[in-house]
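Make the full structure from the sequences, and use the hints.
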Amino acid sequence: MKQEEILDHVLDLPSEGGRRVQVEEEEIAACVQAAERVRALEGVEVPAEVALRVEQVLRARLRSSSLHQQQSRTSLERADSVLQPSRHAAHPRARLGRRVRLASFAIAAALVLAFTGLLAFAVHMHPSQTPSGALAPAAQGTRTPGRDSQARLQTELTLLQKALSDLQTAANDRRGDQALSQALQTVAARTSECRATAAEVPAGNQRTAAMKNLTQVLTQEEHMLRQLLPVLDWPLRLRFTRQLGVLGDAVPTVTHVTVQVQPTGTVLITLTGTHFAPQTRFILNGQPAGQVSFVTTQKLVVVLRNAQFSLRSHTFGVLNPDGTAAQPVSRDDDTAHGTGTPYPDN
Amino acid sequence: VIQQACEHDEEALVALYHRALPVVYRYVLARLGRPDLTEDVVSEVFVTMIEAIGDLRTREEAGFYAWLLQIAQGKMARTVRQLARSHQQVSWPGGEQARGGSAHEPLATDLASDPVGLQEWRETLQEVGQALGRLSAEQQVVVVGRFLGGQNIEDLAHALGKQPGAVRVLQFRALQTLARYLGRERGTSRMGKGGGA
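Just so you know, the protein sequences line up as chains A and B, in that order.
FYI, the numbering used here numbers position 125 of the first sequence as 989, with every residue one higher than the one before it.
FYI, the numbering used here numbers position 141 of the second sequence as 158, with every residue one higher than the one before it.
In short, the hints are calculated from the structure, not lab data.
A virtual CB, placed ideally from N, CA and C, is assigned to each residue, including glycine.
Each statement offered as a hint is correct.
Here are a few chain A residues that face chain B, going by a calculated C-beta distance under 10 Å:
1) Val-896
2) Pro-911
3) Leu-922
Some chain B residues close to chain A (C-beta under 8 Å, calculated; not the full set):
4) Arg-43
5) Phe-63
6) Val-145
7) Ile-170
This is the structure:
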């Protein structure tokens, strides 16, 4: 077996917990390691806002190009129908024979007859329309904006439901944090697209029906996110909570943290934010810690022993009894990935 | 889906976009190292995809990825040329963008609250991106298609119009180059850290 075949065979072997089988040959082992380093790029997450922005660019481009094609076709058809008589009018001056003129006349007459017949048929089929309305082919070809946005909303809602189904599957199959995170990103992007499309539906009965459909799917989304919360790790729990906030749920947020080292050998941590519940727990580096001494919906005071705390980097957070969670958003990173490490006040 | 996309079906095109986005994004980010440029290039790649999909001859995923990665290579080369003309940092500034913690920071999910792990992750991303730059365009397509796109050798061979054996050789040589370069980089990086300490 050649080296490249052995390598390919080894690369196709399943990895067990990230460890490949032992490869004796040094060169092949180095290649396998290099492949693993490339595979590590799968850890790069595509930011949801980037995915959404690019998708919007693509959809806009697709719609403008299809509209352009439609308009081009209509213009060509119009140009044809306008040019047809003038071509025939110019020909007699070019010494055309009598037969040609007769033939042209016959074709023109046939066209007029056919057109009149079509017109009569159109008026018959749409008695409410005036003949001038039936004469506007461009208007017939274009869809009304309301109907268009309604149809698009239906498509978007279907895609959102598909994204929700994928999220549920990823959770059921225990596909890991990355897959869940990616599925949630898609759900978030679809939700945003649905809302944007619903906003384009003109006010009236259509809009009422559209908003009803949207609310139904968003309620389904909310239930699913809440149902999955208990099984999530801390970083994912934060993301799911944020999406629940996007849906309009009352979820906790942390806007400010102060840390005071007390002379009694304890540390007093005060978190300010919103929607803290009476049984909210304080989370230090992803784990419950300390003793909550005071809590309102906007303030949480926790006492920690000095031993539990040092002045190095920490991640503070809160966990509500319903499973929603929050941690401070750092200034540089509004996506709440930051460690949110505050400096002691004293 | 590819068949429908080739007929300019909007939903099929968007579905293809969502499927290919992670692969293209990771590849471009690794090569350019700048999230701000990555978004622009990725956007251009997919706009080109919807404009030119009618020309795509294959209906297989590996062929589609190979085609898309080649478009990405062209867009990246053009971006790099433009930046070089305007005397801007081309790739991996190693400073503000990679380490500044911007809103577009390329994060791994489980490293959000681990600064040391995050720093190592950034270094890995930078090294792999630079190492990929040492490969030929065709080798890059094979490596990215295989390890990020999850394609097998036979499909890649079909997509590239080559024999599977030839693609295995391409893969082997590409990984040898990567291994050499990554080994050297890691060594340099460790020596640098040791010397500084």
